[in-house]
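With chain A fixed as given, assemble chains B and C onto it according to the hints.
Residue numbers (the working numbering), protein chains in the order written: chain A, 1 to 340; chain B, 1 to 322; chain C, 1 to 298.
Since the hints were made in silico from the structure, they are not lab data. Be aware that a few hints might be false.
What the hints assert, rightly or not - Capping the alpha-carbon separation at 30 Å, the derived lysine-lysine pairs in DSS-like fashion look like this:
(1) K134/A x K88/A
(2) K142/B x K20/C
(3) K66/C x K62/A
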Amino acid sequence: MKEDILLSVRDLRVNFYTYEGVVKALDGVTFQIRRGEAFGLVGETGCGKSVTASSILRLVDKPGKIVGGEIIFEGENLLEKSEEEMRKIRGEEIAIVFQDPMTYLNPVLTIGEQIAETIMEHQDLIKEIRKSGKKPSKKMLKEFVRRKVIDVLRMVRMPNPEMVIDQYPHELSGGMRQRAMIAMAISCRPKLLILDEATTFLDVTIQRQILELVKDLKEKLGCALMIITHDMGIIAEMCDTVAVMYAGTIVEYAETERIFDNPLHPYTRGLLEAIPLLSKERKTLKHIPGTIPNLINPPSGCRFHPRCPEAMKICRIEKPKLTEIEPSHLIACHLYNGGR
Amino acid sequence: MNNDNLLRVVNLRKYFQLGGLFFRRKEGYVKAVDGVNMEIEKGKTVALVGESGCGKTTLGRTILRLIEPTSGEIYFEGKNILKLNKREMMRMRRNMQLVQQDPQSALNPRMTIKASVGEPLIVHGIAKGRELRERVLSLLEKVGLREEHMNRFPHELSGGQRQRVCIARALALNPKFIVLDEPTSSLDVSVQAQILNLLKKLQRELSLTYLFISHDLSVVRYISDHVYVMYLGKIVEHADMEEIFENPLHPYTKILFSAVPIPDPKLKRERLIIKGDVPSAINPPSGCRFHPRCPEAMKICSEEEPPLLEVRKGHFVACHLY
Amino acid sequence: MRRLEGRFEELLKEYHPFIKEFRHTLYLIRKSPLTLLGVILFTLFILTAIFAPLIAPYDPYKANLKEAFQPPSWRHPFGTDEMGRDIFSRVVWGARISLRVGITVVSIALCIGTILGGIAGYFGGLIDEVIMRVTDLVLAFPSMVLALALAAALGPGLNNAMLAISVTWWPWYARLVRGQVLSLREAGFVEAARCIGASSARILFRHILPNSFGPVIVNASLDFGWTILTAAALGFLGIGAQPPKPEWGLMINTGRVYFLEKPWIATFPGLAIFLVVLASNLIGDGLGEILNPRLRRR
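Bound conformation, chain A alone (with noise of 0.2 Å):
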């Protein structure tokens, strides 16, 4: 069991340094992912996801830091790895898709270089030529990678890849642009893909062709996908596993089909409770009371207490571990603390 563990992430803990104070962003959060696994990171806005993301991939910015906890990646902590090592880590070993492309593609550059360079940075062309038994020139090595990017491009769907390698970014829908992310992101056939928020400003339709797509790469690379999304209904699609995040926490962690079914924190079973529904008839909206906690000054004791309608006196003072309750249904709650 323990072998096919891609990622673990143990305990992490994230501060920001602010004006106002110091801003617990990640308190202490625990997920593993299995290889060629789909794990689904939920949660509302401000709860940690994207922090988490940037967590794992070492790259939290300057008021921010990790004080805590280890991020085992194949067996190493990518904690302890140098600012090289990490750099080679990205994008070879682990990929990620934000969620605006805009702000991440290179205006000035044309798709094609963006790719073709991840792939120079990343891979050696020259010893792959030359295994093909031929002589690696300049003019060679440019239509080799030219190659590739077109690859690439057709592995994602793009439409007319031959024409789109030549444009740059403000040509393309905002669709083709995730496209373009994704292909940048695979291009070197990452283990992990995690997709932050990858199809949120996209219409239904298209978001609908990307997630059609990630499904196919999935199987065709054979990656681990980490989805981060704050939408119930891509993750019930997609998603083999889920982790519900609340304020920095994770505080239910199980197989996607039992959270749906039997969601047991209370936090769990707002969400699903208060998200309207295409297929069932109407009925007024639960919804959670409140708002998300502050940071700064987060809730003592579990930190959802103050919205939460089981709230007994424990919650106020002790923050509730996550414990496995069931055969891997992992719950942050004193209402089942040591079992029902």
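Just chains B and C now, with coordinates in the frame of chain A:
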């Protein structure tokens, strides 16, 4: 003609001209709204659904006359508001209000909540001083905020609270009709449910009529009575909510509905996947504007524009299939 | 009395958010040492200008040929000039003139620029074209040359110099404000204001201009130094303030002749100009960061 209509839009067009003042290109128009007819019944919620760039936002703004239409008529309680002069229009604005998508930008960052919510009352000379304060307070209470929020700046509130403030401002003039332009799309699910329930409650209590613009079909299903589907400046289908969700007819509507991810892992649906992207509204495709992406396109679709016809009772579709 | 107290408390509550914002600004200034240095220098400059009669030990105009060309000493900390006037006193009094120049020129430029830029940006179309082409026309001349020509045409004198500088300065503000207004015109709260029926004037003055003031203030505090420098330059060239006014540029001009043997005559007024321009630049740069809403809350 139905007499219960609060608002009737007749053949409304809005073309935006491309280019600057001196260097206008010939035939450079964006046909954002191209011949839209619409009826909104009193006390009902009519949803306007479509993807980005289909012109739904422009249509909403044009109905409020925040954008002057190129041609067409808009009747509010039987009066064509496009014929009103400036002063009459100002009085008319009391009846029709807007709630925007992004509450962050919808509030002036340098004005306190009290000033923002009270502004309509000051502009229309309805209240000032102590009375203004009391009015603002009661408006805030109506949307679930408290006195302590009055003297705060927008950045001190959460997204959901800001949207409540925007709703309070829209209610200040006791309007009959509110255009809700994606009021929950920038909010989280748990907060979205709060706002949707609030909107429903307010509609009941104040007998409001809503035009609910959205791309989120599950939200539309939850809140609306009647649904208009828009594609590239045109209405392609409209019917009562139950009817359209049970029995969508236009290929675009079908694809749109099937694209929504459903939060039920056991449900494995047959997916309709659409080809390509939304074409530009500058040079829309000939004939039916959807034909290049339509899985059921026929020869006639590229040649002739299908009219909007009543195919079943109260169910209108613009498609050559019917 | 109690009613009055209640009223006061209510007012305090109402203004509490503004006070809080102001306190936050003060905090940010304190956090940035260079801005703080600028503020201190600038405060010193203003205090000097206000209390000039109390600070200056001598009459800045009174000649005393017996004391001419004294090097700095305890009696005359900055020395004396060719007429035996105390340079320290003259520099202190000069602060008044410079302050006046800075305030007048910047306010005139700011008023004209804000109004014209605001109108151009808000109404657009033909009005915009006309205003902006005039702006371009003025900006097409190098501002120093234009100021020189205007000042020369109007005739020497401090007031004419100020007028000349103002005329060359407002287009910058017009451009800046127009850009701000153009981007704010599309803001959600402006649309909301239109929707409730607010008048154009209200939208422009209540919603758009207050929100475009950040960059304008930054520019104004930078320009404060520049206008003083320009005025001094005009004074130096003889078409600004006229003798015997203790204007810094003019003082440098008179000191220029004796610079090699008696450097103190030109050095101290030069140092004063340097410090004021430095202070205004430090404040401008600091405010640029402090007033930037994106950097403000982190």
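Tested hints:
1. K134/A x K88/A: Holds: K134/A and K88/A sit about 27 Å apart, inside 30 Å.
2. K142/B x K20/C: Holds, at roughly 28 Å.
3. K66/C x K62/A: Distance ~65 Å between K66/C and K62/A Cα, so the pair is violated.
Comparing the model with each earlier hint shows a violation of hint 3 alone; every other hint is respected.
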